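*Asks:* Protein sequences appear in the order of chains A and B.
Residue numbering for the first sequence follows this note's numbering, starting at 199 and increasing by one per position.
Residue numbering for the second sequence follows this note's numbering, starting at 25 and increasing by one per position.
FYI, nobody ran anything at the bench for these hints, they're computed from the structure.
The model shown is predicted, which means the values in this text are computed figures rather than measured ones.
Where a beta carbon is used, it is the ideal one built from N, C-alpha and C, also for glycine.
One or more of the hints may lead you astray.
To be clear about the criterion: a stretch of chain B counts as covered by chain A if any three or more of its residues have a C-beta under 8 angstroms from a C-beta of chain A, and this derived list gives those stretches [as the list claims (entries may be wrong)]:
1. 86-93
2. 204-218
3. 232-245
Okay, the calculated beta carbon distance ranges per label pair [claimed, not checked]:
4. L48(B) to K321(A): 30 to 38 angstroms
5. A128(B) to R292(A): 34 to 42 angstroms
6. R183(B) to R292(A): 23 to 31 angstroms
7. D65(B) to W323(A): 31 to 39 angstroms
8. W323(A) to R357(B): 14 to 22 angstroms
9. G210(A) to R62(B): 34 to 42 angstroms
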Amino acid sequence: MLSLAGVNTHIGQYHILQGVDFEVPRGSLTMLLGRNGAGKTTCLRTIMGMWRASAGRVLCGASEIQDMKTPEIARLGIAYVPENMGIFAGLTVRENMLLAARGGAPDEKRLAWIFGLFPALEKFWQTAAGNLSGGQKQMLAIARAIVEPRKLLLVDEPTKGLAPAIIGNMIEAFRELKRTDTTILVVEQNFHFAQSLGDAVAVMDSGRIVHRGRMDALAADSALQAKLLGLSLEAHP
Amino acid sequence: MIRSLLSGDLPRSRALAAALALVLAALVLAPFIFPGTRSLDVAAKIAVFVVLAASYDLLLGYTGVVSFAHTMFFGIGGYGIGLAAANWGSGWGSLAAGSVLALALSAAIAFAVGLLSLRVRAIFFAMITLAVAAFFQILASQLSWLTGGEDGINFSLPRLLHPRLASYYLVLAASTVLFLALLRIVNSPFGRVLLSIRENEFRAEALGTRTVYYRTVANCVGALGATAAGLLYAVWLRYTGPAATLSFDIMVDILLMVVIGGMGTMYGSVLGATIFVLAQSYLRDLMKLASGAVSGVPLLPDLLHPDRWLLWLGVLFILCVYYFPTGIVGRLRK
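Looking at chain A on its own, in the form it has when it is part of the complex:
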């Protein structure tokens, strides 16, 4: 579904992505892991066209998207959930959802399915998004991304700053989303969250992919975790 080949990204004088290669298989949930500053967020932003790739190719299905503008990439069916709950605080929950529904009003059945995933959104439908709690804002950001069926969902650190109970809800929501065969790429720091959901994994370090494989294999190999991420699953139950 998504493939990056030799992608380089410069931000000002800094060379952030230094030849990133990896693939996100159709219908899978792929985790992109790595230490702070490894280039994970830049990678998602480069896919979305927010940073222009200085070299390399980004393919979504059969389309080369590395030279496209962000709105055109979004219109291909790629949804992006930025880190820090990227919602529009001044608009209501309803207005946030309507903004993402490009085909007009959202489909009632789909909306009911989303309310099933995130019941709080139905309760606060007419509330200003800025008044929601952190967890609810994150739910809204994800709900907005899936208000219409998407080819690919890019999610940047969905658990950042959330309480463990909310993270549990989020895991359930992503499990439900996986059942719809949506292709998902998630950048994450929380290894428990990653190993609960990931089918495949790519690990970044210093702007490069340093490991690719199955998530369960990485979860089972404490030594590899320590080597790649400087942690072990035992330390993060």
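Take the given structure of chain A and dock chain B to it, following the hints.
*Replies:* Structure of chain B alone, referenced to chain A:
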């Protein structure tokens, strides 16, 4: 009925609803409860400036675009009517033709300026609009054979509009319709997109929004609103000139009206324009009274001398911004 007229955007505060009702009632009844030419002139100016400030709020408050060309579009409206009436006669046909041409010219300029400069950073757009507006003002002053130069153009209107009362109610009715139209625009899906762009352009783009397109359209709608206000102001004054419509002072006035009233609220334009025009028109008289009342006290009569009205107007606005950082409407809605 009222909800529908207001496009579902109700005042959401009893005090605000009461203030808006008071302004509307005062404007409708102005010819009867405030007799005299001056008070009617102030009322008409309030009606026109509500539209002018609301159209600027669509740009500044709803889209986050800082433009200094708003008076240029206001002036295009004024000159559209003025030139048509002065050159083609005072019939309805020439007024209609002048209005259509002015609106078309404004839309074309706003589209061109927007498309060329809304891609760049906000500060560059602001500078470009400032330059274009200054150029237009110089043009209006220099092309005296066409525009009357600094003296402007006096013209007459169709016979039906000769009574001041008829002109006043035409201006008031048209201003009300224009304000409600702007309110509908900001409460439509289009308005929602503008708010999302103002809040976070990158997030809006990530949802597939072509931000340059939306900002350009907003620039055109704002320009058309300002031009329509200019048309009405010219109809009311039966005159147009650089000082009345194109001056940079008017641009500052609009900015203050929007900020004091409350940005991104539309109703803020009503209160901002009303308070500002009233202060501009009557503060000097109030100070004359106050100065006379404290004539025996040292220093105070000098401080309250009517010639110092601009100083006190400034103080009044500093206090407004200090105590109402989200504008009067923001404060009333809290």
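*Asks:* None of the hints should be skipped; say for each whether it holds.
*Replies:* A quick look at each hint next to the structure:
1. 86-93: Violated, because only 0 residues of the stretch 86-93 of chain B bring their Cβ atoms closer than 8 angstroms to Cβ atoms of chain A.
2. 204-218: Coverage by chain A holds here, the residue count being 3 at a Cβ distance below 8 angstroms.
3. 232-245: holds (count 4)
4. L48(B) to K321(A): 30 to 38 angstroms: holds, 37 angstroms
5. A128(B) to R292(A): 34 to 42 angstroms: The hint (34 to 42 angstroms, Cβ to Cβ) holds, given that A128(B) and R292(A) are roughly 37 angstroms apart.
6. R183(B) to R292(A): 23 to 31 angstroms: violated, 52 angstroms
7. D65(B) to W323(A): 31 to 39 angstroms: Given a distance of about 48 angstroms, which is not inside 31 to 39 angstroms, the answer is violated.
8. W323(A) to R357(B): 14 to 22 angstroms: About 20 angstroms separates the Cβ atoms of W323(A) and R357(B), which means 14 to 22 angstroms holds.
9. G210(A) to R62(B): 34 to 42 angstroms: Hint violated: Cβ distance 60 angstroms, outside 34 to 42 angstroms.
This entry does not satisfy hints 1, 6, 7, 9, going by the numbered hints stated previously.
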